[in-house]
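Participant: Okay, here's what each chain looks like letter by letter:
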Amino acid sequence: MINKKGFLSLEKNVLELVLTIIGLLLILSAVVYGFNKITSNQILRNAQTSLDILESRANSLQEGEMVVARLPGLCKGEKECNWFIAGWNKEKKENPEKCLFDNCICVCQGTPDTPDSRKIACQFSNSCRFLEGISGVVINKDVFIREEVRGVEAKEGRETSNKKVPVEFPAIAFSSNLIEVEISKNNGVVTFTKK
Amino acid sequence: MENIKKRGAIEMEYIIVAIVLIIAFIGLTYVLIRANIQGLGPDVACKLSILAKATAPGLLVVDPKASIPIECVTKKICLGGKCKDNFDGEKDVVKVDLKNNPEKDLPVIEKTVADAFYNCWNDMGRGKLDLFGSSEDAKPRCIVCSRIALEKNLDFNITERINVNKYMKNHNPGDSKLNYLESMGLQSEKTLNFDSTGAVRFGRVDGSDRKTSEVAVVFMQVSAESGGKRTLEYTGVAALGAYALNKVGRSPAGLPLVGRSYARMVYIPLKKVVSNVAKSPITIAISIGLTANAEINAWADRILVAGYCGTYENTLIGGKGSEGCSLLQIVPYDKYSINSMCNIIEAEV
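Protein sequences appear in the order of chains B and A.
Each residue of the first sequence is one higher than the one before, counting from 7 in the numbering used here.
Each residue of the second sequence is one higher than the one before, counting from 10 in the numbering used here.
Possibly wrong hints are sitting among the right ones.
[Unchecked claim] Which bits of chain B does chain A cover? Going by a derived footprint, with three or more residues having C-beta under 8 Å, they are: (1) 49 to 56; (2) 111 to 120; (3) 140 to 147; (4) 181 to 195.
[As the list claims (entries may be wrong)] Cut-off 16 Å, straight-line C-alpha distance, at most; resulting in silico cross-link-like pairs (EDC-like, lysine to aspartate or glutamate): (5) A:Lys-100 with B:Glu-61; (6) B:Lys-200 with A:Asp-343; (7) A:Lys-178 with A:Asp-124; (8) B:Lys-18 with A:Asp-343.
The set of hints was computed from the structure by calculation and includes no laboratory data.
Each residue gets a CB set at the ideal place from its N, CA and C atoms; glycine is no exception.
Extracted from the complex, chain B is given alone in its bound form (with noise of 0.2 Å):
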């Protein structure tokens, strides 16, 4: 009798502590999952931040003026940071769809390496900004670093080099703290370039 009022009392003790911590882990886990879900939007609104200006500071300027935008950061110390900005000059087969036929700005996630992976990387609807009343869009070419692979160890599928080379592409590498970008309006046409 008294072995099994002893071995009730271990069964509800170990029972309350197993349910504790699974309770415990439970909530803990819903509180980082929701608040995961807020980080990615304060990033998004950043995103959309830094469009609204660029977008604003464009069509407001005047011929011949060069105004500076500055920024805030779209990445949380990530060892590459994969937003950028990009440009495009209306009715070019290469464009992403909503600026097949206005030049626009974009603000967008991805690679800029090819004209592939940036318009994938522009294509969704709140990426891209019009330019009004100007005849085209110049991106000027930011450095991005990237992971340089040798020749044959790339051939025989190994990667074991890791050396960092600076590459250029037409478009503007977004950092983790402030970055600012010229705009300038020459002949009709707006020229954004990272300072």
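Once you have looked at the hints, place chain A on chain B.
Facilitator: This is chain A only, laid out in the frame that chain B set:
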């Protein structure tokens, strides 16, 4: 028979508790996904997220501290009401009317900057809360609490005379019986070599041109990696470290200290700084002359700094918090000034 009944009753009890926990989990998840924490108002949301982040344990396999975002949004304040150059395309800009009369405008400008400084320091837990957790890279992380811009066409006699440091010594925030610095928990000016001539100055170049018309109130924090050999590669903490080392009677690599010219980008090992101050955490207000750099000198030759170095007070698990340094500084809002202080900018700008 009674035992069987008791066991049945106990099992039933656990099943009910389990069901309640599962319902609570589902409910909480739903609420968190659907919740618009910003709907509480930006200030409340900011303070709640700071508290949540600071009190979250940071040593588990899944790091909740790292996952909780800081829901603070940079306040944008336009002194004079016309700041298109600064805030074009940005939302929620607060306009503060000025009369273009030095006697009336000076206290308004100084109060605006002082309040931004004071509120940021208090909202961020006076630098004593571990907001970002320790990381391997020991990168300085920042929150830009406010951006304050001055209308372009304002009388230069006004901008020349702005002296926030002095204002904070001679005025009290709200209904407080203490002045701003005392209310912020900062030590007295005498102890701190607080420079009474210090002023926050808006864009002053050759006495006429205003190259920079915008300042930012930036809170920075960097945590020490326990046992690590990382060095801090950055101005603010270097300045704070220099002060801390000076306090304990050591020369920080022959650098000039508080109240004098101070070179940027100085390397001071964090461990060294923290180990010197950890036994008696310090909270300080200092005025650092940045005359070594012409670019900075063009904007401001005295900048107010509040700082804390030592053990953080917030960790719920494990008792003693981690160590690090926090710094609050008013700097020009440009890439050079912000990025030399901040490796990562958190929150919404």
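Participant: Next, verify each hint and record whether it holds.
Facilitator: Okay, the hints, checked on the actual structure:
Proximity of the segment 49 to 56 of chain B to chain A, defined as three or more residues with a beta carbon under 8 Å from a beta carbon of that chain, is established by the 3 residues found. Counting residues of the segment 111 to 120 of chain B whose C-beta lies closer than 8 Å to any C-beta of chain A gives 0; at least three are required, and the coverage claim is violated. With 0 residues carrying a beta carbon less than 8 Å from a beta carbon of chain A, the segment 140 to 147 of chain B misses the three-residue requirement, and the given coverage is violated. For the segment 181 to 195 of chain B, the stated coverage by chain A holds: 5 residues have a C-beta nearer than 8 Å to a C-beta of that chain, and at least 3 were required.
A hinted pair counts as satisfied when its Cα atoms are at most 16 Å apart, and Lys-100 (chain A) with Glu-61 (chain B) qualifies at roughly 13 Å. With a CA separation close to 13 Å, the supplied pair Lys-200 (chain B) and Asp-343 (chain A) stays within the 16 Å bound. Simply put, Lys-178 (chain A) and Asp-124 (chain A) have alpha-carbon atoms about 13 Å apart, close enough for the 16 Å limit, and the pair holds. Between Lys-18 (chain B) and Asp-343 (chain A) the alpha-carbon distance is near 62 Å, which puts this suggested pair outside the 16 Å criterion.
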